[in-house]
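A.B. asks: Spelled out, the chains give:
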Amino acid sequence: METKNTRENTPVILDAVARHEMEDQDSVTIFGFWVYLMTDFVMFACLFATFAVLHNNTFGGPSAKEIFSLPFVLVETFVLLTSSFTCGLGMLAAHHQKKKELFFWFIVTFLLGVVFLVMELTEFRGLIHEGNSFTRSGFLSSYFALVGTHGLHVFIGLCWMVVLLVQVLRRSFTRHVTRRLILFSIFWHFLDLIWIFIFTIVYLLSAL
Amino acid sequence: MNIFSLFGKLSWNVFPTNPIAIGGALTVVLSGVGILLLITFLGRWKWLYREWLTSLDPKRIGVMYIIVSFVMLFRGGVDAIMMRTQQITSVGASHGILSANHFQQVFSAHGSIMIFFVAMGLTFGIINVILPLQIGARDVAFPLLNSMSFWMFFGGAMLLNLSLVLGEFSTAGWLAYPPLSELYYSPGVGVDYWIWSLQIAGIGSLLSGLNFLITIFKMRAKGMTLMKMPVFVWSVLGAMSLVTFAFPILTVTLALLYLDRTIGTHFFTAGAGGNMMMYVNMIWAWGHPEVYILILPAFGVFSEIVPVFSRKRLAGYTSMVLSIFAIVFLSFIVWLHHFFTMGAGADVNAFFGIMTMVIAVPTGVKIFNWIFTMYRGHIRLMTPMLWFMGFVVLFTIGGVTGVLLGVPAADFQLHNSLFLVAHFHTMIVSGVLFGYFAGIMYWFPKIFGFKLNERLGNLSFWCWTIGFMGAFIPLYILGFMGATRRLDHYSTGLGWQPLFIVAGIGVAIIVLGVFFQLLQIIVSIKNRRKNKDTTGDPWDGRTLEWSTSSPAPFYNFAVLPVVKKRDDFWRVKMEREEGKEGEKPVYRPFEMPKNSATGLLIAFFAFLFGFGAVWHLWWLLILGLLGVVITAIVRISNDETHFTVTVEEIEKIESSRSHKQYA
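Heads up: the sequence lines are chains A and B, in that order. Going by my numbering, the first sequence opens with residue 1, and the numbers climb by one from there. Going by my numbering, the second sequence opens with residue 1, and the numbers climb by one from there.
Possibly wrong hints are sitting among the right ones.
[Said to hold, decoys possible] Cβ-to-Cβ under 8 Å is the rule here; a few derived chain B residues that face chain A:
#1 ALA141
#2 PHE142
#3 LEU206
#4 LYS218
#5 THR244
#6 ILE249
#7 VAL252
#8 LEU256
#9 LEU259
#10 ILE263
#11 THR265
#12 HIS266
#13 ALA272
#14 MET278
#15 ILE633
[As the list claims (entries may be wrong)] Just a sample of chain B residues kept apart from chain A, beta carbon distances all over 10 Å, derived:
#16 SER31
#17 VAL365
#18 MET374
#19 GLY467
#20 ILE473
#21 THR484
#22 SER491
#23 PRO538
#24 ARG576
#25 SER596
[Unchecked claim] Which chain A residues face chain B? A few, computed with CB under 8 Å, are given here:
#26 TYR36
#27 MET38
#28 VAL42
#29 MET43
#30 VAL53
#31 LEU54
#32 ASN57
#33 PHE59
#34 THR135
#35 SER137
#36 GLY138
#37 SER141
#38 ALA145
#39 THR174
#40 HIS176
It should be emphasised that the hints constitute simulated quantities derived from the structure, not laboratory data. We put the CB at the ideal spot given by N, CA and C, even for glycine.
Make the full structure from the sequences, and use the hints.
C.D. replies: Laid out in structure tokens, this is it:
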């Protein structure tokens, strides 16, 4: 598999087998990240279960029908879905190692993420102003926890994007940076998926 | 709640006032200071930092896990002794040594410590030490994450111990059921200490579970297909899949409880639309798998020990694997048996009762397989095997009482009684603890290069077993007599005191067993030259970890093994006996991770975060959070995380070693 030559002459440089092992490590990391996302999914599953149990416990406060504005949330949904699409375009650029294109699409993704987050916070603020905060009832506690946790994930995603863009700027597409971009894009699509569930279960099912 | 407060809930009255609590606080402070001084005096800081604290070698991380677990076992054991003393002395007119409130803190701490910081620590310790060796790998899938997991575990343990010095611990039991654990009934910081020490350690466990899952899937030696893996690896695979499914539930549950207590949400409150039974459901949806997370690797340890000490291959390998996964599956559909009295109705209780009893079937399969393995084997009754035999007897007793408790009608009578306490202690002590004691004895030479003293091991086994029966059989009887758990006082006329005294004597015998264990380690270190393992294979083992030298080099295997059969090392030994000599090994350079302080730092900041959350020091909480984030960013800005081990170095290390078997 290996010649005596390489061993004696270039002792420090890794041979083909070892290099292959290192590239394998990338696929291990990506697999590991998928499993991590699964555990995150279980966390959201718990929050969904909490919402399912508590969504009728309004304790004299408003019910879901009275406080949610579906058109507003629909816009929010499209903003997030679009950001997933632009993130995908950014990843295509990354595969072709086109830095400028990647930057363009990731900045668009970032801005869409910010818009989504601002819309969500606006909704929260409105609810709290009307006296319907998370302390009002079990239903509102579970609503704020579920949607808020998703929002927190989006916020973490935005911070992560900034760190990644700095890395691309400083180091271009090295093995490590490319791997991290892949991980990030999986994460961002995952948030989209969770939001589809939130939109369906929290907003559509309770408000219709 | 003032967001900008500098001291949060801290004040000068947070220090303990009663003599016993002061004693506890002083013990923590003095032993902490003592250890720091000792290291300084010996001038070992640099060595400690380089060789241990920043090490990413799973063997070392495993050893650190085990050491921390033993320290926590000491603390949990002192709690147990205090409870026994209280229940012996607090009869009739006498009110014993502890106040009711202090007694509640003691049993809450005892349970939390023993499960989270002893049993979990030993589980992850043994897995770290042995799993990479057994699958023929040089490392785990994510070495840095592994170090971080350990330090989070350590940080959680320290936060819990800090509650002895500053403030108080939870009085709400080891699972902190609301509404008792809600702010209204527990306004102090006790429950917050409980939440955050578990949360920090729990996130560490979650990441560890993920790490080992990936390690098993992706890092196995060439040729080791799933059905050629040692059963210990299978059991870890089962346990770690449970971790990845169950621990996120714990994370969410603890977070929601903290929100209830801190910002006034209503998830589990008694009013305002909260639902406290949801907490109980969620905590047991994690808690029941948790007990299997602890026991499955212990089953795995026994599945390694019994064949080696019977000189036979394991009977019924396939049925062993299937039974592990039957347990994994069933463990998620029995959680409701912890609260049959919730009032879910006969149909629901019947389902969960039957499922509970069904779990006894795969467990029974395993017991029979071990016994069949022993049948007609050349049994060597050395200490690991003794632990196994003690386990089989006691665990079967515990299992049978478990099936009894699984009958909802019987459970209505027995729940919340000392019968239940005796049942789960039988399972955890004789199952989990005995299993890991056996494992430590068995794998000790692989890590340290010398065997532990056999005679003292023997003595400690007998003390533990006899002491255990003395301590817990009276509790079964007391349970039938109506003694409830968590009882700090009872009247003389009940006639319980004699049995409590017997239980106390049992605990004293267990303490003697612990003493022999400590003595065993000291004596063995003293005589380490005499007990040196020069072969790398002191027990005539069957699996890959015995093919490398003892102590195993940091890279485990100079040449990664190629596996052809189950118990592959046994095959190699047999072929060698037939005169087939392996070829001379051809070394190739490979990469290993450099040491890193990242895990240590992240856990330190997580500790600050937790401390800030407990005492409402929001600035500290933010500081901790920023610390975690910045440490992580610094880490990912560094691509030089590995170093290359050259052929010369490998040759140098290998030729200085006493034995190389796998060639």
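A.B. asks: Which numbered hints turn out to be false for this structure?
C.D. replies: none
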